[in-house]
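Colleague: Required output: the full structure, derived from the provided sequences and hints.
Chains as they are written, first to last, in my numbering: chain H, 1 to 420; chain A, 1001 to 1146.
Incorrect hints may appear among the rest.
As the list claims (entries may be wrong) - Within a straight-line C-alpha distance of at most 25 Å, the following computed SDA-like cross-link-like pairs (lysine to any residue) qualify: (1) A:K1086 <-> H:A301; (2) H:K77 <-> A:L1042; (3) A:K1119 <-> H:N72; (4) H:K77 <-> H:H111; (5) H:K388 <-> H:Q185.
Said to hold, decoys possible - Okay, the calculated beta carbon distance ranges per label pair: (6) A:S1073 <-> H:K225: 50 to 58 Å; (7) A:A1122 <-> H:K262: 15 to 23 Å; (8) H:G58 <-> A:S1073: 42 to 50 Å; (9) H:D190 <-> A:G1061: 45 to 53 Å; (10) H:Y39 <-> A:A1122: 51 to 59 Å; (11) A:G1061 <-> H:K262: 54 to 62 Å.
Keep in mind that the hints were calculated from the coordinates and are not lab data.
All values reported here derive from a predicted model rather than from experimental measurement.
Virtual Cβ for every residue (Gly too), placed ideally from N, Cα, C.
Each chain is listed here by its residues.
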Amino acid sequence: MLFRGTIAIAILVISAANKSYADEVDVQFSGFASLTLSYTDDSDIGFASSYSNVNESGFSATRDSILGGQANISLAKNWDSVFQVVIQDHAFKSFDNFLELAFVRYRPTRHWAIRAGRLNSDLYLLSEYPYVGYAYLWVRPPHSHYSFANIAGNFDGVDVEYSKAINDGFLRLKLAYGSTTAKLQAYNDDFFIDFDNLTTFSATYSLDAWTMRFSLSKSDFGDYKLTSLDEYLAALNSIPQSIWPQAQKISNKFNTKGNSIKYAAFGLTYDHNNWLIQSEVGISESDWIVAPSVLSGYISAGYRVDNAIFYTGFTAAKHRHDVIKVNDPAFPPSTPEQFSVPVQQLAVASQSAVKITNVHQHSINVGVKWQLSERIALKAQLDRFDIKPQGAGLWSLSNPSDVDEGHKVHILSLNASMVF
Amino acid sequence: MMSPRNLFITALLPLCLLFMSFYAKSTEFVVVVNKSNAINALSKREIIDIYMGRYLTFPDGETSKPLDLPAQSTLKNDFYLQLVNKNEQKINAYWARLLFSGRAKPPTPSTSVEDAINKIAASQFAIGYIPLSQVTDEVKVVYTFD
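Modeller: This is the structure we're talking about:
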């Protein structure tokens, strides 16, 4: 793995070449945690704050609970390293899937920083710290906007950052390149997706109470691992063109090979005196049908009263393309049933499959964040989601044949967020 | 004739608030560094750059190690209000974002003004803020708040 090799080599080089800075090596440990009890009131549809996590309905103490630990290591003058492990309710559990950060950084001047290893993306405003509930307003980052993006929230690669004070403001430009494998589960089966040639450019500017970020990202889909998808594609590819010409087209849409995804996002934060207002919009275009092509966004406003901040917000995500209409196969009159029936069943299953990844939802929330002490904040939040028919792509339907039904889901969450 | 209650609300309360506001702003801070530091003066912007984790060095490229006064102290809260118009609660959330995004570490806490002065006197990279009234010969003043 790139990040392991990079770190090992960098540490060896630094220790050999910078004996004079040996007494400068310094390690600092820190951590964060979110303990959350939440309840959803629709047992037909499971909720997870991230696409990578276990979907559940009803009461859950694990759905949004997170424990993170970090080591900041000063290696030498201009060199440092950061490791971060975040334990959360990932559907696929392995150390590699819990390792968020593991990089070496070199700062040749005060304006430039180069990092290599496992890095965090800064695609969205919260993308660099989506699990640190203490640092933001809500119990979880806005679901419509962040749920899918989280699966490529970290990657193995390099990034280069340039930062400069401009008048009273501060500008950061970053270019990142790498790859990652999203490790998920689909219907109790391991589901891995490779993101190759993941390239992201971001520009962040802060001035007094304002922070704004613009970003662009592109990635190729590489290999995938999902046994049921292999079987489904094999079945589609075995059907003669003359009987069901659309089968090959559907197969290509479900196969990762040759497909890519592009993102563009803009975010704005205004934090002045008692007001905290934040909004982001994002647009994605994906050739692979499993990854949504959506327009998503949110706006949230909070008002501080003493140690509490009361907030409300609206979020939305909508698929940008019409659902593919699956045509019926056309059989010659003499076709035996043992051939035609399975193909017809495959066509029916395909119509459900092209709908099930579709995203169309909006939600409102109200909540309060109360600063209990210097390092602990308590939160209570109520969300109401309106999920349209054929729009539950960010959720888990207990019965996939319910894909044409809409859902209205309420989520009540009580949370304690802390840093230590 | 004005009742005692109305007199308090209309006349005395604003005076009290004015006095409290004057008192709250009365801490005059200076920013100080080690006497061997080549820097002789910093602008407010350059102090913001260091204390908000934008740059990890002084303008001349030397490493900077900022110090904070004790958490939840009036002095720390006042300093950040004067520096960036943010109270300590906002500053804590800001530093949680920077620390756990892997970008920078927050200033090192000191236990008192005297502790801060001792640490600055002992390290050529240190920078701190202290009340003007407590400046000693052990440190060099590089900025005075208006």
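Colleague: Evaluate each hint against the coordinates.
Modeller: Structure-based check of all given hints:
Restraint check for K1086 (chain A) and A301 (chain H): satisfied, since their Cα atoms lie roughly 18 Å apart, inside the 25 Å limit. Distance hint between K77 (chain H) and L1042 (chain A) is fulfilled; the C-alpha atoms sit about 23 Å from each other, no more than 25 Å. Between K1119 (chain A) and N72 (chain H) the alpha-carbon distance is near 21 Å, which keeps this suggested pair within the 25 Å criterion. Straight-line distance between C-alpha atoms of K77 (chain H) and H111 (chain H) comes to about 15 Å, which keeps the hinted pair within the 25 Å bound.
The hinted pair formed by K388 (chain H) and Q185 (chain H) meets the criterion: a straight-line CA distance of about 24 Å does not exceed 25 Å. Against the hinted window of 50 to 58 Å, the Cβ-Cβ separation of S1073 (chain A) and K225 (chain H) comes to about 54 Å, which satisfies the hint. Restraint check, A1122 (chain A) to K262 (chain H): a C-beta distance of roughly 53 Å breaks the suggested window 15 to 23 Å. Taking 42 to 50 Å as the suggested C-beta distance range, the pair G58 (chain H) and S1073 (chain A) conforms, at roughly 45 Å.
Between D190 (chain H) and G1061 (chain A), the C-beta spacing of about 49 Å keeps the proposed range 45 to 53 Å intact. Judged by the Cβ atoms, the range 51 to 59 Å given for Y39 (chain H) and A1122 (chain A) holds: they are separated by roughly 54 Å. Range check, G1061 (chain A) to K262 (chain H): Cβ separation about 39 Å, and the 54 to 62 Å hint is violated.
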